[in-house]
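Protein chains: 2
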Amino acid sequence: MSHTKQTEPQADIDELAREHFYQVLYGRRDVRNQFLPDPVPDDVLTNILHAAHHAPSVGLSQPWNFILIRNPELRNQIYSAFCQANDEAAQMFEGDRRSQYQSLKLQGILDAPLNVCITCDRNRGGPVVLGKTHQPEMDLYSTVCAVQNFWLSARAENVGVGWVSIINKNKLAGLLKLPEGVVPVAYLCVGYVSEFLTKPELELSNWEKRKQLEEMIFDDTWANRKG
Amino acid sequence: MSHTKQTEPQADIDELAREHFYQVLYGRRDVRNQFLPDPVPDDVLTNILHAAHHAPSVGLSQPWNFILIRNPELRNQIYSAFCQANDEAAQMFEGDRRSQYQSLKLQGILDAPLNVCITCDRNRGGPVVLGKTHQPEMDLYSTVCAVQNFWLSARAENVGVGWVSIINKNKLAGLLKLPEGVVPVAYLCVGYVSEFLTKPELELSNWEKRKQLEEMIFDDTWANRKG
Numbered sequence: 001m002s003h004t005k006q007t008e009p010q011a012d013i014d015e016l017a018r019e020h021f022y023q024v025l026y027g028r029r030d031v032r033n034q035f036l037p038d039p040v041p042d043d044v045l046t047n048i049l050h051a052a053h054h055a056p057s058v059g060l061s062q063p064w065n066f067i068l069i070r071n072p073e074l075r076n077q078i079y080s081a082f083c084q085a086n087d088e089a090a091q092m093f094e095g096d097r098r099s100q101y102q103s104l105k106l107q108g109i110l111d112a113p114l115n116v117c118i119t120c121d122r123n124r125g126g127p128v129v130l131g132k133t134h135q136p137e138m139d140l141y142s143t144v145c146a147v148q149n150f151w152l153s154a155r156a157e158n159v160g161v162g163w164v165s166i167i168n169k170n171k172l173a174g175l176l177k178l179p180e181g182v183v184p185v186a187y188l189c190v191g192y193v194s195e196f197l198t199k200p201e202l203e204l205s206n207w208e209k210r211k212q213l214e215e216m217i218f219d220d221t222w223a224n225r226k227g
Numbered sequence: 001m002s003h004t005k006q007t008e009p010q011a012d013i014d015e016l017a018r019e020h021f022y023q024v025l026y027g028r029r030d031v032r033n034q035f036l037p038d039p040v041p042d043d044v045l046t047n048i049l050h051a052a053h054h055a056p057s058v059g060l061s062q063p064w065n066f067i068l069i070r071n072p073e074l075r076n077q078i079y080s081a082f083c084q085a086n087d088e089a090a091q092m093f094e095g096d097r098r099s100q101y102q103s104l105k106l107q108g109i110l111d112a113p114l115n116v117c118i119t120c121d122r123n124r125g126g127p128v129v130l131g132k133t134h135q136p137e138m139d140l141y142s143t144v145c146a147v148q149n150f151w152l153s154a155r156a157e158n159v160g161v162g163w164v165s166i167i168n169k170n171k172l173a174g175l176l177k178l179p180e181g182v183v184p185v186a187y188l189c190v191g192y193v194s195e196f197l198t199k200p201e202l203e204l205s206n207w208e209k210r211k212q213l214e215e216m217i218f219d220d221t222w223a224n225r226k227g
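Chain order of the listed sequences is A and B. The letter at position 131 of the first sequence is residue 131 when you use the UniProt record's numbering, and the numbering goes up by one with no holes. The letter at position 4 of the second sequence is residue 4 when you use the UniProt record's numbering, and the numbering goes up by one with no holes.
Hints were generated in silico from the structure; no laboratory data involved. All C-beta atoms, glycine included, are put in the ideal place defined by N, C-alpha and C. Some clues are possibly wrong.
Claimed, not checked - Derived SDA-like pairs: lysine to any residue, alpha-carbon spacing no greater than 25 Å straight-line:
(1) A:Lys211 x B:Arg97
(2) B:Lys169 x A:Asp220
(3) B:Lys226 x A:Ile217
(4) A:Lys177 x A:His50
(5) A:Lys169 x B:Ile217
As the list claims (entries may be wrong) - Covered, in the sense of this in silico footprint (three residues per stretch, anywhere, with C-beta under 8 Å from a C-beta of chain B), are these stretches of chain A:
(6) 31-39
(7) 50-60
(8) 105-116
(9) 130-141
(10) 187-193
(11) 210-222
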C-alpha cells in the first residue's frame, strides 16, 4: 500500500513525480453530472480516507470523522433538504441569472453510489489545543484540509467527488444524528465517473470566469499589488 | 509547464502516477525547525501559487489573495505579534504540559526566506454567490482548499511550509493593511528545508498521537460506528 511510505526516509520529489502530482491536482473536478452507479471498492475507499486522515491538523488534534452514507431512504431525505435549499437559493438570483441557476445540476446525491459527510468535532483535543488558542476556527480549517486531501486522493484513484453546500446544516446534522459539538463541514458525493471535464463546469457554462493569478498577488501588504 | 495540462483531455491516473501523488501527500510536513535561508526561485513560487489558485472554490468565486512577505521590518513586527500570542497561549497549559509547550518551536517566521499570507475576500463574487447562500463560511473553506493545494504543491517542489496560527488575526490584518472584508486565513512560512521529517513533529515529540482511522468512520449516521 502506498501509504506505508510515511515511515520511510523522505527522498526528494523528482521531476516525473512532480508532473504526476500536478496531473492529479489539475485533473480534480467538482463532479455533479458524470457519476456512474458502480460501487467504489473498499480498498480504494480506504486509500482515500487514509489520505484524508493524513491532512495537517491544528495541534495534531485530528478533529474529523467520516460518515459513509449509502442508505437510500436517508439519501432521499438529504436530497429533499437540498431541493428545499436550492429552491430558496434560486429566488436570490434575478432574471436570466435565475433561469441559468435553475438549469444547473448542482449535486449527485442520488446518482453517486456513495455520499460522505466529513465532520468536525469542535471539542476534540479538549478545551486548550495547541495552535487553536488564538484562532478557534483552526479545527474547522484542519477539517477542510482533510476534505481537500480526500478530493485529490479520490482523483488519484480515478474517483469523482462533488461538494454539496446548498443545504441547511442543522437539518443535515439532525438527519446524520450528529451529537452536540460535532458539525458537518463537507457533504460529498463520491463515485466513478463517465469522464472528468477539462475545466470546471461553472467555467464551461460561462457562469464564472477563471481570474488571472497575477492580479491576486501582493508584495508585503495589500498596498502593493504585484500585477 | 506542468499546469498547461489542464486544457488537455483528461486521462486516467495510472498506478505510477498514483504512487507519486501519495509520495507528495504523505511527505508533506508542517515545518518549523528545518528552514534554510536560500530564496525560493520565482518559477517555483509561481508553480505553487498557480496550484493554489486552481483549488476548488464555491461558485468558482476564487475568494483568495496571496501576500508575499519578505520585508524584514514587517516580519519582525509579525514575529512580535506571534511571541505575544505564544506567551498568552503557554499560560493556558498547566504544569509539565506548559514546560513542554514552551520548549516547542512553533514557527519559522524569521528563518524562512518567504512568508505568505493567504486571505479571503468575504465579498468576492457579490452578495449572492452560488453555493454560499446557505453556508456563508464556504468562501473561507474554499480558501483553505487553496492553502492545502499550496502546501502539497510546495512539497512537490521540495519546498517546506509551516502554518502559523498562534497570532491575533486583527493585529495581523492591520500589519498587512487588509481592507474591510478581507480576512487572513493562513499565515505560512515558506522555504527549502534541511530535511522533511518522516512524521509530524508533534507526534515525534509525543505531544499527540496519531489516531486510528478505523475509529473515525461511521455508517450512515453517528449512531453506527464502524470500528
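The hints, checked one at a time:
1. For a cut-off of 25 Å, the pair hint linking Lys211 (chain A) to Arg97 (chain B) is broken: about 46 Å separates their Cα positions.
2. For the suggested pair Lys169 (chain B) and Asp220 (chain A), the alpha carbons sit about 16 Å apart, so the restraint of at most 25 Å is met.
3. For the hint linking Lys226 (chain B) to Ile217 (chain A), the alpha-carbon distance of about 45 Å lies beyond 25 Å, and the restraint is violated.
4. Proximity of Lys177 (chain A) to His50 (chain A) is assessed by CA-CA distance (about 24 Å); at most 25 Å being required, the pair is judged to hold.
5. For the given pair, Lys169 (chain A) sits about 20 Å from Ile217 (chain B) by alpha-carbon distance, which is consistent with the 25 Å threshold.
6. Here the segment 31-39 of chain A counts 0 residues with a CB under 8 Å from a CB of chain B, which misses the bar of 3, and the coverage is violated.
7. Residue count for the segment 50-60 of chain A with a Cβ under 8 Å from a Cβ of chain B: 9. That meets the three needed, and the coverage hint holds.
8. Beta-carbon proximity to chain B at under 8 Å applies to 1 residues in the segment 105-116 of chain A; the threshold of 3 is not reached and the given coverage is violated.
9. Counting residues of the segment 130-141 of chain A whose C-beta lies closer than 8 Å to any C-beta of chain B gives 10; at least three are required, and the coverage claim holds.
10. For a cut-off of 8 Å, the count of residues in the segment 187-193 of chain A with a CB near a CB of chain B stands at 0, and the three-residue condition is violated.
11. Judged by the Cβ-Cβ criterion of 8 Å, the segment 210-222 of chain A is covered by chain B as claimed, because 10 of its residues qualify and three suffice.
The earlier numbered hints that this structure contradicts are 1, 3, 6, 8 and 10.
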